[in-house]
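Asker: Need the complex rebuilt from these two chains, each delivered in its own frame; the hints are there to steer you.
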Amino acid sequence: MQDNSAALQAPIVKSIPRRRTFGDRIIIGLALICTFIAFSPFGYAILTSLKSEWKSGDIIPFLQFEPDLLNWQQEFGSGGAETMKALRNSSLISLGATLVATTLGTLAGYGLARFKYGVGNRNLVSWFLSQRFLPPVATLIPFVLMFRDLKLLDTLPGMVIVNATFTLPFAVLIMRDYFADLPPEMREAALVDGAGEFTTFMRIALPLARPALVASTLICFAFSWNEFLFASVLANRDWKPYPMLVAGSDTVRGIDFGFVTTRMLIAVTVPVILSLMVQRFIVRGLTFGAVKG
Amino acid sequence: MTNNRAKYLFLMPGVIWILAFTLFPLIYSFGLSLTNYRLGRDPKYIGFENYAEILGIGDEKVDKKAVSTASFSAFLFLGSTASTLIFGTFVAWVFNHSLPFLRQMRAIVTMPLFAAPIAVGWLGVVIFNEQSGPINNVLEGLGLGRVNWFIEPMPARLAVMFTDVWQWTPFVFIIILASMQAIPDDLYESARLDTKSNWQLFKSITFPMIAPALGTVMLLRMVESLKIIDIPYSLTRGGPGSVTQTYVYYAYEKGLVGSFQLGEAAALAYLLVIVAIVISSIYFYRVRERFA
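Chains V and S are the protein sequences, given in the same order.
Read in order, the letters of the first sequence are residues 1 to 293 in the working numbering.
Read in order, the letters of the second sequence are residues 294 to 585 in the working numbering.
Do not take every clue at face value.
Capping the alpha-carbon separation at 27 Å, the derived lysine-lysine pairs in DSS-like fashion look like this [unchecked claim]: (1) Lys337(S) x Lys358(S); (2) Lys85(V) x Lys51(V); (3) Lys116(V) x Lys300(S); (4) Lys337(S) x Lys354(S); (5) Lys151(V) x Lys85(V); (6) Lys151(V) x Lys337(S).
Keep in mind that the hints were calculated from the coordinates and are not lab data.
Here chain S stands alone, though its shape is the one from the complex (with noise of 0.2 Å):
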């Protein structure tokens, strides 16, 4: 077997299963977009007018669903990128040190990340439950009262954001533990010459050095942000109202509930692809170096 020919034997079988189940699909979804295809009737090619729908160009009105499920995306994206950032990088300063028990313990911290993300839904249900549920009971102990979680629409949005806050930062930490172990202990022991502050030390040594994998993960959480569905469709099924429901559940529910209107819930679908090819680019440009 010559050496050419070898090569793509190793990689053809995995390009061909990207280029079948992800590729194709997605140019699959593009053309179902661009038609008022219902499932059960004959799709109709319609151009971009499921586009123009969505977004209230021409003499369409904008989907009013679709701009209030992207803003509770967008809380999230927001939200939860930067509440699971400061919390994974203080964990993983916790954890940077050389002291009993800190392997054991960060081993269980690692825990929530692999649950099964609808499971954490539920088990968000038992936790946030307004009449039995720890947290209000620890809430009320503490004299602050209690909270309708799932009545209210702020708490409801708070609940399925503290929820993903907790599978995620395991994530961030393990990622941030990592580079910071990666810091060469004699620039610690040269500043520690000029200053004992903890504080100091984190701000002009630590920070610095793991500012890039802080980037990376940054990245990686926003895109993963943007696919929440199974802790709201098991924790709030997006509710009260529909306040809770994200962007890509709106989609989901368009197109692969009742009605199943594939058509507009692949142009839905699509517009988010685009969001995620952007910051993917930005990704795969920012760790160019890695694959080299």
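In isolation and in its complexed conformation, chain V is listed as follows (with noise of 0.2 Å):
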């Protein structure tokens, strides 16, 4: 865990140099209003689900209840079969769709990185994101009659080569731009030695790019818990991922507060705290390398 807490630590705020004033006790206040605008949904989030029993004219939810757990011992309690089903089915798809993004990505981004190709290596990066800006119905009406011909609808398999799809460009990118900042005089040194280009790769490269392959494999398992869209079409039964379970809140039981925030806070929580040990490849992973980070 090592490499996640320098990749936290990594992105230092230049700073615009001189003394403190008045003027940056302003700029801490607005710091403040925007980091309260962007949490305090979640925060409302967490309260309403904390709060069982609504009475009328309750007004501001946290000024006048007392908080108890109900809601979430609902959630995964009596209630729990279908949510701890959901959680592994969205564990079990992200991970099998990690696993297959990161190792094509990590191959393919070597190659790209290393050797040229006769068409273009741009050409081939910009091919390989060229997915990402793509509207995502237009694939899915294809992969419903791809996957009733191969009898993918509903299964892990389909579930897993669906989400890998969408993630393989992040992890082609992150690790294509982590490749080509390494010394390339390592991977010659190797060769002259006599061990083949694989070998190679395996020894030297891939051991030393384990800060990309852990923000990889993250950034790609955070995309693929949140994908909604294909679920909905594609796995509408025993194959149903959490957010499936979120989007559908309101038909269980009319719109209950607590109840669609509890499921609201356990879908968002793993890709947030994901995120949040990757900000320092974020920036590239998401802008394509457009903008260094």
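Answerer: Structure follows, in structure tokens:
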């Protein structure tokens, strides 16, 4: 986990150097307002989830109630089988997709960083990334028919394929950038020693790329975890992932705020925590390398 | 293993994956768009009739719902892109100072971006709720009165937009902050000899230096805004009526809910693919040096 803490500490806000002034206090005030706006909906949801009974006339939920864990107990306790199954599905789907995307992405990323290809490396990278630009419905419609014919509807392999496809561009890009920044002499030295290309990759490059590998894994996992649209069509029974439960929160009991916010918080916790661990890689990952972080 | 064979072995698995699961579906989708396929019926080739029907070419009437949903998507395309750029740049400017606690706060500010959009939509349901939601309570407390966020068309559109802006402002923020941090300090130091005004410094140094990154982010936001479906799906179900239904949501509904008119839905989606191709071509043209 050492790599993660390094990733967290890496970006340091470059200062516009000057003394602490009245202006600085204004800046801190503005930063606090931004932080409040970003966090308060989550905070409100947390408070709402801790409130099991709504009385009419309750306007401000956090001034006039006694917090309890009934909603959370219900989500994991009595109504827990559905929740646990969806969480299991989400975990397995995201793990599988991450494994596929990171493996393919690492190989392709290494290739693109180290070799020259006839069609042009730039074209190849753009081609890998272009998937992210497509409106998902355009591929969703044929996926329904393809999966029906291949008997992949509502299966783990089917959902892994879908999510690996979405996240592969992130993995390719993060890995390519990292490999390109490693000194080429290392690889050349290993090759001179008689090691083959693949041995050099496994023994030299891959261990050095561990931080990027961690980042790619976490980003792919977080994005797979959040995917809803394809799941809503391709996996609506046995392999329903957690976002599907969140989407269906109202049909179960009308809109019960405590219930809805509990589910919502469960859904957002995993990717939000993962994202905090890979802040350094996020800028490049999200702009497909167009802006160096 | 020769160098030549090895290099293709690294690349090929990824290439094959994209060919099979992105390129092939895209071609398949185009083929479908030329048929009148509905689930459970045999597809028949009808040429570009689906497209003619949507666009109202020839003796067909234009698909009114396609137009109205496309106009809501255009509303988000403009409104959400512009708002996230402005707010994101402002937040980045605020956080581009070396002051205590900004690092910790910065991590919190990026949180909305990583929450599942479908869950963010539900968060909106709670926050915008007309009776007990905090937004209406605050508005009433300020004496501005309550807003019927889910009943009236314009407030509903704005609720979807605000929710999307809340989620995506951090995206602009982290990217623009990174590009602000790449500006060398001495540029500011020499400029500070001429002016003390923060606004002047921003206008003459910061803005020109972040302009390329802003252009990049703008294109990415444009593409993403055309894909919006999860948030209205859970926040408004496209309502009231269908005023908050986005174009992709309409294509989704047409092809994958109810009557499963896959051919027509594929044609709807394909029209958007063309827009996406145009925007992404501009994007890749702009950032070509990075990939060289």
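Asker: Need the status of pair Lys151(V), Lys337(S): alpha-carbon distance at most 27 Å?
Answerer: holds, 24 Å
Asker: CA of Lys337(S) to CA of Lys354(S), is that 27 Å or under?
Answerer: Given that 27 Å is the threshold and the Cα spacing comes to 21 Å, the pair holds.
Asker: Is Lys116(V) within 27 Å of Lys300(S), Cα to Cα?
Answerer: holds, 8 Å
Asker: Holds or violated: are the alpha carbons of Lys151(V) and Lys85(V) at most 27 Å from each other?
Answerer: The given pair, whose Cα atoms are some 22 Å apart, holds under the 27 Å limit.
Asker: Is the straight-line distance between the alpha-carbon of Lys337(S) and that of Lys358(S) 27 Å or less?
Answerer: Distance of about 24 Å is within 27 Å: holds.
Asker: Are the Cα atoms of Lys85(V) and Lys51(V) separated by 27 Å or less?
Answerer: Holds, because 25 Å separates the two Cα atoms, which is no more than 27 Å.
Going through the hint list in order, the structure satisfies each hint without exception.
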